[in-house]
Amino acid sequence: EPEVTQTPSHQVTQMGQEVILRCVPISNHLYFYWYRQILGQKVEFLVSFYNNEISEKSEIFDDQFSVERPDGSNFTLKIRSTKLEDSAMYFCASSDAPEGPLTDTQYFGPGTRLTVL
Amino acid sequence: ELKVEQNPLFLSMQEGKNYTIYCNYSTTSDRLYWYRQDPGKSLESLFVLLSNGAVKQEGRLMASLDTKARLSTLHITAAVHDLSATYFCAVDITQGGSEKLVFGKGTKLTVNP
Chain A
1 EPEVTQTPSH QVTQMGQEVI LRCVPISNHL YFYWYRQILG QKVEFLVSFY NNEISEKSEI
61 FDDQFSVERP DGSNFTLKIR STKLEDSAMY FCASSDAPEG PLTDTQYFGP GTRLTVL
Chain B
1 ELKVEQNPLF LSMQEGKNYT IYCNYSTTSD RLYWYRQDPG KSLESLFVLL SNGAVKQEGR
61 LMASLDTKAR LSTLHITAAV HDLSATYFCA VDITQGGSEK LVFGKGTKLT VNP
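From first to last, the protein sequence lines are chains A and B. Numbered by the working numbering, the letters in the first sequence go through residues 1 to 117 in order. Numbered by the working numbering, the letters in the second sequence go through residues 1 to 113 in order.
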């Protein structure tokens, strides 16, 4: 069964460093998302991406964040200068079409645990 | 701002018992999802509810949606230990063709032998 994959599974970085989290969405999907989950808290939307541009972003997704689809398969989230409060689990998700009948479920990857020291 | 409230947030129950988790949301939406998350793991899609009155069942879990009341329920029948996990409801907000999920805080379910 197709699945979303993410690398690395765990990233440890120093405050102020740049990190890139990588995702490979399900191959025929068109819509891509990043969410984050601070330990023990709820899942929060960061950004959605379609047709090579951001469709929507939350207030969390400030200028320190960027997303890119550098080729036909990868979808990346970059945090330019990490802060302590960026420590969280970051989930990538993909879906095929939000208006498609019964096919618009967002499928989540296994997550990358980001620890900022 | 859309609010999604789940209750209870923590649920400890005995095997064999029944219980219901509630998910209330504050704005109009025709799509609601239930996800399961095991500790340290990702989110597994359980149910997609696409219209008012929708009811879906899988094994010991049954989900329903009342869009007029802005309420979804996840009913657990004859709980077993394997159902122990955190359950999230998520409400779809589709704006301009882009889908965004707003999650509840989750219900941590513990099923005791």
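Quick caveat, the hints were computed from the structure, so don't treat them as lab data. One or more of the hints may lead you astray.
Straight-line C-alpha distance at most 30 angstroms; calculated DSSO-like pairs for lysine-lysine [to be verified]:
{"hint": "1", "chain 1": "A", "residue 1": "K83", "chain 2": "B", "residue 2": "K56"}
{"hint": "2", "chain 1": "A", "residue 1": "K57", "chain 2": "B", "residue 2": "K108"}
{"hint": "3", "chain 1": "A", "residue 1": "K83", "chain 2": "B", "residue 2": "K68"}
{"hint": "4", "chain 1": "B", "residue 1": "K105", "chain 2": "A", "residue 2": "K57"}
{"hint": "5", "chain 1": "B", "residue 1": "K56", "chain 2": "A", "residue 2": "K78"}
{"hint": "6", "chain 1": "B", "residue 1": "K17", "chain 2": "B", "residue 2": "K56"}
{"hint": "7", "chain 1": "A", "residue 1": "K42", "chain 2": "B", "residue 2": "K17"}
{"hint": "8", "chain 1": "B", "residue 1": "K3", "chain 2": "A", "residue 2": "K78"}
{"hint": "9", "chain 1": "B", "residue 1": "K68", "chain 2": "A", "residue 2": "K78"}
{"hint": "10", "chain 1": "A", "residue 1": "K78", "chain 2": "B", "residue 2": "K17"}
{"hint": "11", "chain 1": "B", "residue 1": "K68", "chain 2": "A", "residue 2": "K42"}
{"hint": "12", "chain 1": "A", "residue 1": "K83", "chain 2": "B", "residue 2": "K3"}
{"hint": "13", "chain 1": "B", "residue 1": "K108", "chain 2": "A", "residue 2": "K83"}
{"hint": "14", "chain 1": "A", "residue 1": "K83", "chain 2": "B", "residue 2": "K105"}
{"hint": "15", "chain 1": "A", "residue 1": "K42", "chain 2": "B", "residue 2": "K41"}
{"hint": "16", "chain 1": "A", "residue 1": "K78", "chain 2": "B", "residue 2": "K41"}
{"hint": "17", "chain 1": "A", "residue 1": "K42", "chain 2": "B", "residue 2": "K108"}
{"hint": "18", "chain 1": "B", "residue 1": "K17", "chain 2": "A", "residue 2": "K83"}
{"hint": "19", "chain 1": "A", "residue 1": "K57", "chain 2": "B", "residue 2": "K17"}
Output of the computed footprint for chain B on chain A, the stretches with three or more beta carbons under 8 angstroms from beta carbons of chain B [what the hints assert, rightly or not]:
{"hint": "20", "segment": "16-25"}
{"hint": "21", "segment": "105-117"}
Every beta carbon over 10 angstroms from chain A, so not counted as near; a handful from chain B, in silico [unchecked claim]:
{"hint": "22", "residue": "S42"}
{"hint": "23", "residue": "S45"}
{"hint": "24", "residue": "V48"}
Built from N, CA and C at the ideal position, the CB exists for glycine as well.
Structure-based check of each hint:
no. : hint           : in the structure
1   : A/K83 x B/K56  : 42 angstroms, violated
2   : A/K57 x B/K108 : 28 angstroms, holds
3   : A/K83 x B/K68  : 42 angstroms, violated
4   : B/K105 x A/K57 : 20 angstroms, holds
5   : B/K56 x A/K78  : 38 angstroms, violated
6   : B/K17 x B/K56  : 20 angstroms, holds
7   : A/K42 x B/K17  : 27 angstroms, holds
8   : B/K3 x A/K78   : 28 angstroms, holds
9   : B/K68 x A/K78  : 40 angstroms, violated
10  : A/K78 x B/K17  : 46 angstroms, violated
11  : B/K68 x A/K42  : 25 angstroms, holds
12  : A/K83 x B/K3   : 27 angstroms, holds
13  : B/K108 x A/K83 : 29 angstroms, holds
14  : A/K83 x B/K105 : 24 angstroms, holds
15  : A/K42 x B/K41  : 14 angstroms, holds
16  : A/K78 x B/K41  : 22 angstroms, holds
17  : A/K42 x B/K108 : 11 angstroms, holds
18  : B/K17 x A/K83  : 45 angstroms, violated
19  : A/K57 x B/K17  : 42 angstroms, violated
20  : 16-25          : violated (count 0)
21  : 105-117        : holds (count 7)
22  : S42            : 5 angstroms, violated
23  : S45            : 5 angstroms, violated
24  : V48            : 5 angstroms, violated
Hint compliance for this structure: hints 1, 3, 5, 9, 10, 18, 19, 20, 22, 23, 24 are broken, all remaining hints hold.
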